[in-house]
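Listed in order, the protein sequences are those of chains A and B.
All residue numbers for the first sequence refer to this note's numbering, where the first residue is 128 and numbers rise by one.
All residue numbers for the second sequence refer to this note's numbering, where the first residue is 33 and numbers rise by one.
Just so you know, these hints were derived from the structure itself, not from any lab.
Here are the simulated lysine-lysine pairs, DSS-like style, with alpha carbons at most 25 Å apart: (1) B/Lys-76 to A/Lys-198; (2) A/Lys-195 to A/Lys-181; (3) B/Lys-76 to B/Lys-41; (4) A/Lys-231 to B/Lys-41; (5) A/Lys-231 to B/Lys-76; (6) A/Lys-181 to A/Lys-198; (7) A/Lys-195 to A/Lys-228; (8) A/Lys-198 to A/Lys-228; (9) A/Lys-228 to B/Lys-41; (10) B/Lys-76 to B/Lys-89; (11) B/Lys-89 to A/Lys-223; (12) A/Lys-195 to B/Lys-76; (13) A/Lys-228 to B/Lys-89; (14) A/Lys-183 to A/Lys-198; (15) B/Lys-76 to A/Lys-223; (16) B/Lys-76 to A/Lys-132; (17) A/Lys-228 to B/Lys-76; (18) A/Lys-183 to A/Lys-231.
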Amino acid sequence: DQQVKQNSPSLSVQEGRISILNCDYTNSMFDYFLWYKKYPAEGPTFLISISSIKDKNEDGRFTVFLNKSAKHLSLHIVPSQPGDSAVYFCAAGSEKLVFGKGTKLTVNP
Amino acid sequence: NAGVTQTPKFRILKIGQSMTLQCTQDMNHNYMYWYRQDPGMGLKLIYYSVGAGITDKGEVPNGYNVSRSTTEDFPLRLELAAPSQTSVYFCASSLRGGNYGYTFGSGTRLTVV
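Okay, chain B solo, but in the shape it has when bound (with noise of 0.2 Å):
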């Protein structure tokens, strides 16, 4: 069993550059997350999807766009990088939402120079 998947695992960009993450499921979850960790910190919401074509904000949204356009993919789109979009990017699926747990992919480890 897959579970979630993120691709890549690892990047470097230059600032001003764009990139899009990328995360499928297969469990055919409806909820689906993106969050990021900076060192020493928790993990800040940035943007949500409850379902295929309905997505909206979590607590970091700026700089960052989504799509949710199938059940499987949620990609994160980050616009004209910033140093301070530096971070781990994880995403995660529910069945039906937070309180059934997350199951999260392993994380895309981000840095903008």
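Looking at chain A on its own, in the form it has when it is part of the complex (with noise of 0.2 Å):
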């Protein structure tokens, strides 16, 4: 049974609007909320966090949004660049986490 869930395997946006990513999960007992990104063949790196205290945190381009009582947490991008093209993992736990099966964002020029 998937505890982290991310509904859209992809999503494409324009270079210089916004992107939002979004992810659900079950465990109301998880910490911690992450976002990874990752490019083909290489290992997945750590983007932006947020506790299950918080329900906002802000990184440059890259905010994150907890959620609590819908169970759900969403990651906006803006503006998109072309570089931001990647999979994109929600992961969540503490110890340890547990990842989302991912959305690919393409952002087109």
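Grab the two chains, each in its own frame, and use the hints to assemble them into the complex.
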């Protein structure tokens, strides 16, 4: 049973516009939520995280929002750039992480 | 800075063979992890370690073994390889747990034929 779900396998946006990637989770005991970015033939790289006691965290063009009542988090990328094209994984947990299946983001010039 | 180094990058095994996937990190991280990623799927935790001499099972440990004799190294052993173990394997490390963000290696692509 998937504890972390990314229901959109892919997303395509125009350069300069906002990209919104979504993630749902089922375990209310998760302490932290994280987003990772993965390019082909490379390992995932850590992007941004948020604690379960917060509802928003920003880092430059990246913002993560957490809605605990809905068990939902999202990653906003503004403005989107072609170099952001990658697979984005949502993860949740504390000592160890559970990952979603990923969303492939394509940013078109 | 090397970070997390995995070897080999690619390997083809025959059914029933055994091998060890090597993972080493130079960041003095306490936590280390092994994940596998099947096509179109997320990463599934195989084993993890919170420090030298301590290991624990993850979500999919069957068919694998690990050891952690030093802080730096966390090898993953496959005994009696099966086609179901065809996957990309990622090793990761973290200073104090997943919430601080993992540093991943570049992966080992394993095919069992």
